Amino acid sequence: MYTQALNTSDADDRHIEDAARAAAFQARIDAEERIEPNDWMPAAYRKTLTRQISQHAHSEIVGMLPEGNWITRAPSLRRKAALLAKVQDECGHGLYLYAAAETLGASREELVDLMLSGKAKYSSIFNYPTLTWADIGVIGWLVDGAAIMNQIPLCRCSYGPYARAMIRVCKEESFHQRQGYEIMVTLARGTEEQKAMAQDALNRWWWPVLMMFGPPDQASQHSDTSTRWKIKRFSNDELRQKFVDATVPQAQYLGLTIPDPGMKQNEAGHWEYSAIDWDEFKQVLAGNGPCNRDRMAARRKAHDEGAWVREAAEAYAEKRRHRQVAQAAE
Amino acid sequence: MPKNAGTGKWRKLPNRIEGTVMATPNTPLWEVFIRSRNGLAHKHVGSLHASDATMALQNARDLYTRRGEGLSIWVVPSNAITASDPAEKGMMFEPAESKIYRHPTFYEVPDEVGHM
Ligand SMILES: [Fe+2]
Ligand SMILES: [Fe+2]
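In order, the protein sequences belong to chains A and B.
Residues 1 to 330 in my numbering are what the first sequence spells out, letter by letter.
Residues 331 to 446 in my numbering are what the second sequence spells out, letter by letter.
Since the hints were made in silico from the structure, they are not lab data.
Do not rely on the hints blindly, as some may be mistaken.
To be verified - Derived SDA-like pairs: lysine to any residue, alpha-carbon spacing no greater than 20 Å straight-line:
| hint | chain 1 | residue 1 | chain 2 | residue 2 |
| --- | --- | --- | --- | --- |
| 1 | A | 119 | A | 51 |
| 2 | A | 47 | A | 29 |
| 3 | A | 171 | B | 395 |
| 4 | A | 319 | A | 329 |
| 5 | A | 242 | A | 227 |
| 6 | A | 171 | B | 396 |
| 7 | A | 119 | A | 292 |
| 8 | A | 171 | A | 153 |
| 9 | B | 373 | A | 164 |
| 10 | A | 80 | B | 392 |
| 11 | B | 419 | A | 23 |
| 12 | B | 373 | A | 36 |
| 13 | A | 171 | B | 392 |
| 14 | A | 301 | A | 70 |
| 15 | A | 171 | B | 391 |
What the hints assert, rightly or not - A few chain B residues facing chain A, derived, Cβ under 10 Å:
| hint | residue |
| --- | --- |
| 16 | 385 |
| 17 | 389 |
| 18 | 392 |
| 19 | 393 |
Unchecked claim - Distance ranges between label pairs, derived from CB positions:
| hint | chain 1 | residue 1 | chain 2 | residue 2 | range |
| --- | --- | --- | --- | --- | --- |
| 20 | B | 414 | A | 153 | 27 to 35 Å |
| 21 | A | 167 | B | 406 | 21 to 29 Å |
| 22 | B | 374 | A | 302 | 28 to 36 Å |
| 23 | A | 18 | B | 434 | 41 to 49 Å |
| 24 | A | 237 | B | 401 | 41 to 49 Å |
Quick caveat: nothing in here was measured; it's all calculated off a predicted structure.
We put the CB at the ideal spot given by N, CA and C, even for glycine.
Modelling step: build the complete structure from the supplied sequences, incorporating the hints.
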């Protein structure tokens, strides 16, 4: 009887210990304490966050491509400077986020490799093309607008490094949305052709933007634990509704029509939208969107063509280290 | 916070993500500290990768001061930082917590004396 206990005690103790630690961990989360990198955390919490933060980082980096497409063709120096600054910010967001993910134990290099190999996902929205200048207006207004809706609650996420990265990101995002809306106002006040261009861009981006918030609540697989761990503070549908309610009056001001004839305001004042085509969403996530192959090819090309720079920098640093060692020995 | 800060005796590195091939070599990690205004101390703002200190400074400039956030930058190799163990924070900080006589409110000064 005793030996039997001994035989099993190892695994059992660990299990009991983990259960106790997990309970203490959850109590810290419930008390709104922030979890920091060296604190104990359940393996699943670490894994969920590593996946979420790195996917968020990949999205910022891939997200530079559709807008980068228009930097050299911006209609004025003012617009060009603003767009360049915005795209630089997105790069910065990607780097803050990789750094946050790294505190969980992954390296940036391996996370980037996962993205380049197609194993890691990034936001579906960046697989749509930017066909006209109006698309740059719509991206700032709606894509960054939707990102802000998502990111503001993440500033209170239970994981400290992620929350802090989000605070920096949110401070910078507000300029992104405003410069996009300014482009839309200019087009909406312009010629018939410009107005038509603005409307066409809105028509093409509206539904993909609504998909940015992710699958409907009944179908979302990660939500429950993420909510319990306070990584997620609002459901996909709640955020989507907030976004739609905030956006409708902005579209009305522009004199543009949201491409959803069935949309109506309910008694509570919320705008009810029609059914979203989740098949399209699944297709884009599965790699079959209009630009998936293009985006991956562009990222791989940049990575490969930058290899010599990384190697040269490393070789130079190595040479300097040797020289310092040699000088110290003299 | 550097992921490898401290002696590592209390925390083994978490599992690598499954199925990853380490195709790209790792570039060293640096912690960035910025003095935001005259008279303030440098404050930790985040981390970045760079192959040497000069590039770390330049990258820190581009990454953390795009809107005039700083007057001065320090970069420190992340592995040069020794961190206390959060699991031992009780033992580490208890000696200060029990010494309430280190605070001014512990002492009674008669009201007639006024503010002191
Ligand atoms: Fe961003
Ligand atoms: Fe943005």
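Quick rundown of the hints versus the structure:
1. The suggested pairing of residue 119 (chain A) with residue 51 (chain A) holds, with an alpha-carbon distance near 11 Å, which does not exceed 20 Å.
2. Among the hinted pairs, residue 47 (chain A) with residue 29 (chain A) is consistent with the structure: their alpha-carbon atoms are about 17 Å apart, no more than 20 Å.
3. Among the hinted pairs, residue 171 (chain A) with residue 395 (chain B) is consistent with the structure: their alpha-carbon atoms are about 13 Å apart, no more than 20 Å.
4. Simply put, residue 319 (chain A) and residue 329 (chain A) have alpha-carbon atoms about 15 Å apart, close enough for the 20 Å limit, and the pair holds.
5. For the suggested pair residue 242 (chain A) and residue 227 (chain A), the alpha carbons sit about 18 Å apart, so the restraint of at most 20 Å is met.
6. In summary, the hint linking residue 171 (chain A) to residue 396 (chain B) is supported, as the alpha carbons are separated by about 12 Å, within the 20 Å threshold.
7. For the given pair, residue 119 (chain A) sits about 13 Å from residue 292 (chain A) by alpha-carbon distance, which is consistent with the 20 Å threshold.
8. Between residue 171 (chain A) and residue 153 (chain A) the alpha-carbon distance is near 13 Å, which keeps this suggested pair within the 20 Å criterion.
9. With a C-alpha separation of about 14 Å, the suggested pairing of residue 373 (chain B) with residue 164 (chain A) holds against the 20 Å cut-off.
10. At roughly 19 Å between alpha-carbon atoms, residue 80 (chain A) and residue 392 (chain B) fall within 20 Å of each other, so this suggested pair holds.
11. Simply put, residue 419 (chain B) and residue 23 (chain A) have alpha-carbon atoms about 19 Å apart, close enough for the 20 Å limit, and the pair holds.
12. Restraint check for residue 373 (chain B) and residue 36 (chain A): satisfied, since their Cα atoms lie roughly 17 Å apart, inside the 20 Å limit.
13. The straight-line distance between the Cα atoms of residue 171 (chain A) and residue 392 (chain B) is roughly 16 Å, inside the 20 Å bound, and the hint therefore holds.
14. At roughly 19 Å between alpha-carbon atoms, residue 301 (chain A) and residue 70 (chain A) fall within 20 Å of each other, so this suggested pair holds.
15. A threshold of 20 Å between alpha carbons decides the hint, and for residue 171 (chain A) with residue 391 (chain B) the separation of about 18 Å falls inside it, so the pair holds.
16. Interface hint at residue 385 (chain B): satisfied, since its Cβ lies 6 Å from the closest Cβ of chain A, which is below the 10 Å cut-off.
17. Checking residue 389 (chain B) against chain A: minimum C-beta separation of about 9 Å stays under 10 Å; hint holds.
18. Checking residue 392 (chain B) against chain A by beta carbon gives a least distance of about 8 Å; that is within 10 Å, so the hint holds.
19. Residue-level restraint check for residue 393 (chain B) holds (minimum Cβ-Cβ distance to chain A is 6 Å; threshold 10 Å).
20. Checked against the hint of 27 to 35 Å, the pair residue 414 (chain B) and residue 153 (chain A) passes, with Cβ atoms roughly 31 Å apart.
21. A beta carbon spacing of about 22 Å between residue 167 (chain A) and residue 406 (chain B) agrees with the range 21 to 29 Å that was offered as a hint.
22. Here the CB-CB span from residue 374 (chain B) to residue 302 (chain A) is close to 30 Å, well matched to the stated 28 to 36 Å.
23. Between residue 18 (chain A) and residue 434 (chain B) the Cβ separation comes to about 45 Å, which falls inside the hinted range of 41 to 49 Å.
24. Distance hint check for residue 237 (chain A) and residue 401 (chain B): the Cβ-Cβ separation is about 46 Å, which falls inside the suggested range of 41 to 49 Å.
Figure legend: structure checked against the earlier numbered hints; every hint is met.
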